[in-house]
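Engineer: Listed below are the residues making up each chain.
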Amino acid sequence: MENKIMDLKDKMVSSFLAFENNVDVDHPIHDIRTEAIKNFELKGFPNKKQEAWKYTSLNSLQKIDFSIFPKESNALEYKDVKRYFLHEIDTYKIVFIDGVYSSFLSETTHDGVDICLMSAALSKPMYKQIIDVYFNKVASKDESLTTLNTAFSKEGAYIYIPKNKMPKKPIEILHFATGNEAAMLLQPRNLIIVEENAELQVIERHQSLTSNDVLTNSVTEIFAAKNAIVDYYKVQNDVENASLIDNTYISQKSNSVVKVHTFSFGGKLTRNNLNYYQNGEYIDSTMKGVTILGEKQHVDHHTLVHHREPNCESHQDYKGIYGEKSTGVFNGKIIVDKIAQKTNAFQQNNNILISDNATINTKPQLEIFADDVKCSHGCTIGQLDEEALFYLQTRGIPKKEAAALLMYAFANNVLESVRIPELKMRINKLIANKLGVQLGFDL
Amino acid sequence: MLKVNNLHAGVEGNEILNGINLEVKAGEVHAIMGPNGSGKSTLASVIAGKEEFEITEGNIEFNGEDLEEASPEERAHKGIFLSFQYPVEIPGVSVTNFMKTAINESRKARGLDDMPANQMLKLIREKSELLEIDRKFLSRSLNEGFSGGEKKRNEIFQMAMLEPKLAILDETDSGLDIDALRIVANGVNKLKNKDNAIIVITHYQRLLEYIVPDFVHVLHDGKIVKSGTKALALELEDKGYDWLKNESVV
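Line order of the protein sequences matches chains A and B. All residue numbers in the first sequence are consecutive under our numbering, ending with 444. All residue numbers in the second sequence are consecutive under our numbering, ending with 794.
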């Protein structure tokens with residue numbers, strides 16, 4: 002037999018011992034980690050036989066010899082990575098390079114709110130109570146990739162917004178991979194708590210600066226208390242050898258509003274597991290996405306909204322544009338418990354295929370146990386409207402630009418709800434770049 | 545300016561245009577009338593270059609140049625404009641931004657730089673006044689939620705901005721009330737001069753009371769069966785299209 006690389010699962014499990022040498026094993030969360038690695042050892046990586054992974058294969062990623070602990074952290078000059086920041090406006094920044102916090106690139110605060118690091122929150126006694134109450138409380142305890150992250154959790158963003166507070170500016174969470182190692186596995190762990198009447202805006206981005214393989218398996222837990230408002234933006238525009246598994250778990254209390262926008266333009270393989278749990282009444286859970294893919298890119302959006310109380314709403318609106326040999330998946334699951342009367346749940350997934358070789362698999366999954374609810378879902382798969390293209394061409398706009406304008410118009414209602422104008426402008430530029438056009442005005 | 549020579553065209557083997565001959569000179573207004581399904585809109589689309597239609601015989605010349613190989617945008621750059629019966633909605637792109645793109649793409653094709661912003665604004669102001677268009681209207685998404693009248697007025701506004709040599713107005717009067725019709729027709733009349741030409745395609749002669757044609761052609765079964773002056777339009781209004789159908793059989 003050939004010299005076989007150790008199976009990634011075995012490698013992860015055996016690395017746990019080495020990991021334990023570098024963390025405080027007496028901390029209560031270490032019991033959580035230990036439980037988690039046991040679960041992962043039992044389950045391993047998901048495979049295509051599982052319904053939730055039918056269209057997304059992790060096989061080729063598991064063949065890569067990933068380095069799990071970066072040996073040293075690279076320094077980055079701000080000028081070299083400035084373009085990945087929303088530099089047009091002032092923001093708080095929590096920045097990691099190869100999984101290691103970069104104080105040089107970051108701008109954190111403890112002024113009335115805590116915008117800092119998970120490692121600090123885990124080690125300092127003043128945060129102990131909050132960690133006890135929230136850490137790993139909404140994240141799944143049996144989904145294997147989540148438990149893999151939990152087992153190795155020690156670094157990421159920690160954000161705590163007390164009652165009635167709102168940070169002065171949006172927060173950017175940025176993860177850079179420099180290629181210091183041949184191939185790297187990163188597992189950031191974020192914890193975000195927004196107390197009553199508090200408000201928060203977050204922009205998250207993962208950016209590889211290397212052509213080496215990078216796999217990020219990220220877990221984010223968000224807790225929104227009564228009347229809290231959270232706007233979370235995920236900008237996924239990574240390079241072609243970078244893959245991302247994003248596991249986001251959101252727990253909402255009464256009258257809170259949590260909106261997650263996911264913009265997926267880049268990367269090799271991206272899997273978004275976005276899970277909402279409603280634990281109160283009059284909650285608004287909104288998730289929107291624009292996906293534009295080419296080459297052999299693959300993006301899989303798996304959403305879950307669990308309506309557990311009456312009088313709540315959920316809104317899902319995902320638009321996808323697939324070119325070349327790209328593949329997309331949308332699976333939207335809505336569970337309405339028997340008690341959750343007067344639920345309004347809406348789900349929309351519209352797709353345009355601009356190549357004969359592109360594929361989209363779209364599936365709504367509704368499990369409704371209450372009788373007085375309004376649930377609607379709709380999926381469409383189409384092509385660009387020839388008549389509309391002709392209309393634009395008769396105005397002197399070349400076909401390529403005309404197609405881009407139509408695709409932009411198609412994705413537009415998702416962009417309308419972006420509340421940071423500079424971010425909206427940036428997304429517009431990313432869309433124009435992705436579509437390969439200059440339209441003579443900023444979209 | 546425009547010469548249509550024995551034009552046969554159709555879709556997937558179904559011939560819709562059956563040997564059209566038409567010459568339009570600078571400074572002229574031509575009306576093309578005819579019953580539903582006679583090929584009026586097809587003729588407009590074929591002149592504007594819609595790829596769906598295949599020309600099986602004959603050709604179209606514009607200022608002495610055969611248009612066969614020209615894409616719709618190239619025809620637009622040469623000065624052909626088609627006003628649509630059903631303009632397309634483009635959410636998220638304002639009327640102003642759309643016009644900027646259209647004008648600058650035409651300039652690019654002619655080797656010119658983008659129009660300076662102040663000049664663009666001046667042009668937009670001037671042309672919007674011509675068509676009695678509210679400034680607020682210009683920042684709305686193109687055609688999205690526009691009434692029928694607003695859409696048509698916006699088509700003529702685009703025509704005013706692009707200053708084509710040949711404008712083809714396809715059923716511009718449909719869906720317009722009398723006030724909107726008057727505004728649209730006034731706009732067209734103000735844009736008309738000795739160097740450009742207009743083809744008005746319409747089912748009814750109502751619009752021709754406002755935009756007075758030099759020539760009227762009647763299309764039936766993909767052929768021009770009768771040509772004449774404005775009087776022909778009135779005759780059609782009186783008698784309907786049936787007498788022509790009978791006549792063409794004879």
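Worth flagging that the hints you see were computed from the coordinates, not collected in a lab. Among the hints, a few may not be true.
Below 20 Å or equal to it, Euclidean Cα-Cα: the simulated EDC-like pairs (lysine to aspartate or glutamate) are [claimed, not checked]: (1) A/400 <-> B/618; (2) A/400 <-> B/673; (3) B/680 <-> A/387; (4) A/401 <-> B/596; (5) A/400 <-> B/723; (6) A/401 <-> B/658.
Nothing here was measured: the structure is a model prediction, and the numbers come from that model.
Engineer: Mind listing which of the numbered hints don't hold for this structure, in increasing order?
Structural biologist: 2, 3 and 5
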